[in-house]
Amino acid sequence: MANVTLRNVRKTYTGGFEAIKGVNVDVGDGQFCVLVGPSGCGKSTLLRMVAGLETVTGGEIDIGGRVVNQVEPADRDIAMVFQNYALYPHMSVFNNMAYGLRNRGMKEAEVKTRVEEAARVLELAPMLERKPRQLSGGQRQRVAMGRAIVRQPKVFLFDEPLSNLDAKLRIAMRVEIRKLQRRLNTTSIYVTHDQLEAMTLADILVVMNGGQVEQIGNPLAIYEKPATTFVASFIGAPPMNLMSTRTEEIKSQLGGSAGDAGILGIRPEDFVITDQTPAGGVALPLTVEAIERVGAETFIYGSRAQDEQRVAATPGELPPGEVIVRIPGTEAPAIGQKIRVGAIRSKLHLFSGDGRSRIEA
Amino acid sequence: MVEDEGFQRYVAHFILWVGIAIVAFPVYIAIVASTQDNALIANGQMSLLPGGHFFEVYYQTIFVGTSGSTREPVYNMMLNSLVMALLIAVGKIAISIISAYGIVYFRFPFRMPIFWIIFITLMLPVEVRIYPTYKIVADLHMLDSYAGLSLPLIASATATLLFRQFFMTVPDELLEASRIDGAGPLRFFWDTLLPLSRTNMAALFVILFILGWNQYLWPLLITTRDDMQTIQVGIRKMITTTDALTEWPVVMATAVLAMLPPVFVVVAMQKLFVRGLVETEK
Amino acid sequence: MQKQAIFQSKLLPYALVAPQLAIVLIFFYWPALQAVIQSFLLQDAFGLSSNFVWLDNYVELFRDPAYFEAIVRTFFFSFAIAVSSLSFALLLAVMADKPLRGSMLYRTLLIWPYAVAPPVVGVLWIFMLHPSLGVLARYLRAVGIDWNPLLDGNQAAALIILAAAWKQISYNFLFFLAGLQAIPKSVFEAAAIDGARPMRRFWTVTFPLLSPTIFFLLVVNIVYAFFDTFGIIDTMTRGGPGTSTVTLVYKVYSDGLLGGNLGSSAAQSVILMVMVIVLTGIQFRFVERKVTY
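Chains as they are written, first to last, in my numbering: chain A, 4 to 364; chain B, 2 to 283; chain C, 127 to 419.
Check each hint, because a few of them may be wrong.
To be verified - Listed next, the in silico DSS-like pairs over lysine-lysine satisfying Cα-Cα at most 25 Å (straight line):
1. A:157 - A:134
2. A:110 - A:182
3. A:115 - A:24
4. C:129 - B:272
5. A:157 - A:115
6. C:311 - B:272
7. B:272 - A:134
Because the hints were derived from the structure by calculation, they are not lab data. Predicted, not measured: the structure shown is a model, and the values here were computed from it.
Whenever a hint applies, use it, and build me the whole structure from the sequences.
This is the structure:
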């Protein structure tokens, strides 16, 4: 049991490329921390630095009260689940799990007890003698998990462990990982680029971008109060609608409350189709361009009358002038129809013009 | 496809059998000749069907040798060839796999120069530096020795490159998982990399064994004693005497015996052989 | 191309490369260097002293018509062996690539001659075509050919080319088959739908797509003909009759062994080295092209 603390951690490669630009994260004992961000944001690098697979060029990594910057991976008392599982292809499932224990000189009887216990928990008992290539993707994934839990380490590290599975299995394994972590109550750090995975797994969510932390916190708190336009558009699907407050249409509706804000954000589900303008809120006229009915809800893709500037260069960005509206059920206007959608005051998110900070009205 | 049916197919079968016949004919003749009487062959009266002298010819070949100048039994030549081929194959694999491991999995000063020093040897077969190499082997008192037969042929980069290529395809995560599992460099090599390289080693072994067994020019130069002759050198010496004295059935029996081990390896381990051949040419 | 995941160690990597480095330096670089040095020296008749003679050995070589003939002969042999062996192997590979019953058996029956050593190839063929006792020589004479490769240089050359090409069939067949199998079947199917008949399909689709393999095999076959024919020549003709089957490698061997002219032999070695380096260079360029193909 341990907490993991990153103090101003930096990574600069010999070529001068700065992959991690000073990160501070504090993961409490038994907590599940998820690092999320687009590819290349440095989340995997950061995880590998915690594992000891990458050197730390600045700051401190502290595991259970011990600074481990110079400690070999094997001596950090961590276990890692890799994206491609990294199972030893020539060893049986049993030996894959036992290898790390035997290398530490554990007695064979104890090795056997631990591996069998892990196999029971992960429902791998019938396939202990098989080789990895005789297993399905989900089973391999469980072996990789087993290899981590037999060690009973202080910290679990997960590097996108579910990204090689198909969608259905991914959801099932996601639930299993969470249950397992709750039961073992082991501090965990989990890397993913999938915001849904991040939201559902995390006690603490760390949103990263360009080698820096954009926001840290409880996933729902982040969802409700994204600190930057990057977080706003990265967390939540479909992404938050972002628009400039400089157009006459919006400026006039926001009135004085716009203040210094340059960007207005509204989540698709916060819109309602209405003829009125909600008090203190915002209403937009849209032309319906496309409709997606997925059963419980319907997405309306509308275009605004006037073109406007791009406001945020981030993943999930919408084309200029496009707005997504989510409504429950399957009722929807016809394509080409002109509608009016509105959002109430409390559902508006205001950001500075550069998108780097949130403005509370 | 449709046109591969029927007539086209028979044509293909026919051409392939003609090809096989052409490829097999010289060997068939050798087998037939090795069971016949020398006098008949020397008169140009050789039959195209097997004769009745199989046992006496092979007994003489293996245990006695020709009655002429090189009275060396062929079993001894085969033994020499076998030792040389094994030394070349095992030696080359052993030194190559560890040097490839060093070059791929470590960073150290002069890594790239060392790689190039080894790499360049790929370009030049022993034939082009034959006399200087002979002189060095002579200076090292390795003439007529197994070391002299095999060491100069071990000095080449093919296997190192092959292993390097293979190591590059081994996922980095395997090494990282090993490090987290507490394995150091030697342990990772022994527990993980070596078992993973098994198929490559086997494929390489098949190719190197055949190449070693079939060496000719080098053994011809550095063996002076008859009892150190390899079978390839021995068979050549059997037909050095005047035509009339050449004991053709014994020569042909020796040819068959010389073909037997490598051909057996190719046929029995075809998959590994094909793989080794394709890999070493990459 | 470099690994990202590596081990840290100061001495271990040197220990790992040391054995190979030692063998390569002693048995490769030292002799190669000696060959280069020796090619600039002239030894006296007793081998007691030697003088530095600059490029005399090379100049003499190129003035020697016999050497020039050997160069031409080697290239002619290489070309003839490569073309005959490649075309026959390609025919067989195209046939074996069809979905035939027993295609694995065909492959097995066609690839084993790879394992036959050059001197044994020589022995097999000289026996079949021996002027006085060869079984095939009988038929040649029966159809009126005055067959005697032991006396007729052209016939001897033909014999060598035939035997060397025979041995190389299996190697070429194997690579052609692999090359053919690497071409997606859908390409042939598309060509068939586009109305190309089998022969046309071969020349317009198969052959161009196989051209990297063909080029690769051409280089390999030439290198083979340079070096591996030594065993065949030495058992069949010993370079004779006269010098009509002396190739460059055979000349290095016989000049050094019989003539004892080490300077000239060394110069020949150096020239051979340059030729091989050029050939290998061509091959590497090809490998690079294959990657981007």
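Item to check | 25 Å limit on alpha-carbon distance, applied to hinted pair residue 157 of chain A and residue 115 of chain A | outcome: Holds, because 21 Å separates the two Cα atoms, which is no more than 25 Å.
Item to check | 25 Å limit on alpha-carbon distance, applied to hinted pair residue 110 of chain A and residue 182 of chain A | outcome: violated (29 Å)
Checklist entry - Taken at face value, is the distance from the CA of residue 134 of chain A to the CA of residue 272 of chain B at most 25 Å? => result It holds: about 22 Å lies between the C-alpha atoms, which stays within 25 Å.
Item to check | residue 311 of chain C paired with residue 272 of chain B [C-alpha distance capped at 25 Å] | outcome: Since the Cα atoms of residue 311 of chain C and residue 272 of chain B sit roughly 23 Å apart, the hinted pair holds (cutoff 25 Å).
Next on the checklist: Hint check: residue 129 of chain C vs residue 272 of chain B, CA-CA at most 25 Å. Holds or violated?
Outcome noted: Judged against 25 Å, a Cα distance of about 29 Å means the pair is violated.
Checklist entry - Given the proposed pairing of residue 115 of chain A with residue 24 of chain A, does the C-alpha separation stay at or below 25 Å? => result Violated: residue 115 of chain A and residue 24 of chain A sit about 44 Å apart, past 25 Å.
Item to check | Given pair status - residue 134 of chain A, residue 157 of chain A, alpha carbons within 25 Å | outcome: This hinted pair is violated, its Cα atoms lying about 28 Å apart.
Hint compliance for this structure: hints 1, 2, 3, 4 are not met, and every other hint is.
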